[in-house]
Amino acid sequence: MASSREIEHTAAAWLARRDAGDCSERDRQQLDAWLDASVAHRVAFIRLDAAWRQSDRLKALGAGVPAGVVPARGSWTPSPFGNADEPADEPRHPHPTHTDADSPRRIPRQHREQRRSLLRHFAAAAALALVVSLALGWRHYAAVEQASYRTAIGDLQEVPLADGSTATLSSDSRILVTLSHGERHVDLQQGEAFFAVAKDPARPFVVSIGGRRVTAVGTRFSVRRDMADLRVVVTEGLVRLESDRLPNGLRQPTTLLPAGSVALASDAGVVVHSGSVQQAEEYLSWRSGFVSFHDTPLATAAAEFNRYNTRKIVIGDASVGAMRVGGNFRWSNTDAFVRLLAQGFPIKARQQGDSIVLTRR
Amino acid sequence: MDDSLNSWFAREILVHESALMRYLLRSWFRREEIHDLRQEIYVRVYEAAAKARPAMPKSFMFTTARHLMTDRLRRGRVVSIEAVGDIDALNVLIDEISPERRLGARQELKRLTDAFDRLPDRCREVVWLRRVEELSQKEVAARMGISEKTVEKQVAKGARLIAEYFHGGSHARRPAHGDAMDTAYENGHGQQQGD
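Chains as they are written, first to last, in numbering that gives the first Met the number 0: chain A, 0 to 360; chain B, 0 to 194.
The shape of chain A in the complex, shown without the other chains (with noise of 0.2 Å):
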């Protein structure tokens, strides 16, 4: 049977054919057919078709724009970065702090509150705001961008970044990305981020992390920092891995990390594990709510969900650190793994001021 992402390619293809206008009647049939064949068919269809009957609607945006040319991205509202990048519809979304020169500021409240009303006068103010986008976006296709951005610990935050690829945080994590002509740089301070790279040839993407370097031309891939360690897991495209000279002046090789790669980069050297994409995902689990371990030694699996939790959990003796546990758990839900714990191991749970510690029974 096909997959749901068959189907869908497949209904859309039926959907671009019967919009290219000469369908024939031989063409209409074998639609029909195809829509009778399965229900996962039908209900795949109505929804793309229901989806291109809405883009009728940007007629709307046509009004005032010459014949022949296609206006540029966020010319809809006066602002620098675009519509995508501040939904107003999700408030827990991060504010970027943009850096013109040295000193961060935060965009000014009433800047979006401005936005938000233009956007009640839309049709009104199109022709003008895409005027002062053009400009704007002349400026600032000169300049150098700058934006931060973080977490607090529990938090995940998802940050579109202006040349359209994605960055999600990890809780407690701190990323500086800048953005200029000829490269698209990351610097992850803190903690641990997943990026969706937009293909652009041109601008190679840097992850820079202390004197580590993870660059990619359009790929998937999370690096997170552990004090001076480092972890890159790579689901899809290639990455590169390169080292500045170590402290005893030795330097590590410069490795490419294909899909299903993950490097742990120390000190000590650089340790590549080569396996299937689906295993790889497995430590980005996180992104959709969970930590999973296989066979994993307690002390780090309680590392793993103190990274996520205010209220740590401290191993009280060796032999408990060394018990091991498997399987998939929500990272905010500390007490639910420590009681599956105490239920399964010799292992005692006490609550000790702001953290939990585990102690052999």
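Misleading hints may appear alongside valid ones.
[Claimed, not checked] Subject to a maximum C-alpha distance of 30 Å in a straight line, what follows is the list of computed DSBU-like cross-link-like pairs (lysine-lysine):
{"#": "1", "chain 1": "A", "residue 1": "K198", "chain 2": "B", "residue 2": "K152"}
{"#": "2", "chain 1": "A", "residue 1": "K198", "chain 2": "B", "residue 2": "K137"}
{"#": "3", "chain 1": "A", "residue 1": "K58", "chain 2": "A", "residue 2": "K198"}
{"#": "4", "chain 1": "A", "residue 1": "K58", "chain 2": "B", "residue 2": "K148"}
{"#": "5", "chain 1": "B", "residue 1": "K152", "chain 2": "A", "residue 2": "K58"}
{"#": "6", "chain 1": "A", "residue 1": "K198", "chain 2": "B", "residue 2": "K148"}
[Unchecked claim] Take a look, some chain A residues computed to stay more than 12 Å from chain B by CB distance:
{"#": "7", "residue": "Y148"}
{"#": "8", "residue": "V205"}
{"#": "9", "residue": "M226"}
{"#": "10", "residue": "T253"}
{"#": "11", "residue": "D266"}
{"#": "12", "residue": "T309"}
{"#": "13", "residue": "A317"}
{"#": "14", "residue": "K347"}
{"#": "15", "residue": "Q350"}
[As the list claims (entries may be wrong)] Computed footprint of chain A on chain B, listed as stretches where at least three residues anywhere in the stretch have a Cβ under 8 Å from a Cβ of chain A:
{"#": "16", "stretch": "23-34"}
{"#": "17", "stretch": "42-50"}
I should point out that these hints are in silico values taken from the structure, not numbers from a laboratory. No experiment lies behind these values; they were computed from the predicted model shown. Note that the Cβ used here is the ideal one computed from N, Cα and C, for glycine as well.
Take the given structure of chain A and dock chain B to it, following the hints.
Quick look at chain B alone, frame taken from chain A:
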């Protein structure tokens, strides 16, 4: 096709895709299965509605989603005690007259514009010429100096991505595994899917 059923489905079910996706993303651990889950939910709802339209479509859809996930868990495809707990809680506020359905024309246009702006360059240009300037696919091909076949492919892609971004709303933004983010289709992932 039963047109009244199809338009009912678009009007009463598809409008809640954004809420459904939020629920699935929160409840289901394996992101790569969410696309498939969504399809199965839609199939079940559509089949049921063909016999009798549910009185409360949104609740019906969420209940269907919950049953489906519980079934899959029972079949042992995922071992996660926590996930089961979460599904049972069905932590979604289901009000039948939800804001999604009452999106004003302005917000709808905003959402559509956002979806449009997230299309890859060439696709975006094709959609603009076809939908706003109302050129035929043939004329679009001539204008852009590309083949008609390419235009047709871009229309297919445009419909698919707009559906993802528009129905999915802000949640299509999340980098669900291999999901319909613009980058996913641009960086070669789409090729595996026969783009």
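Can you list which hints this structure breaks, lowest number first?
none
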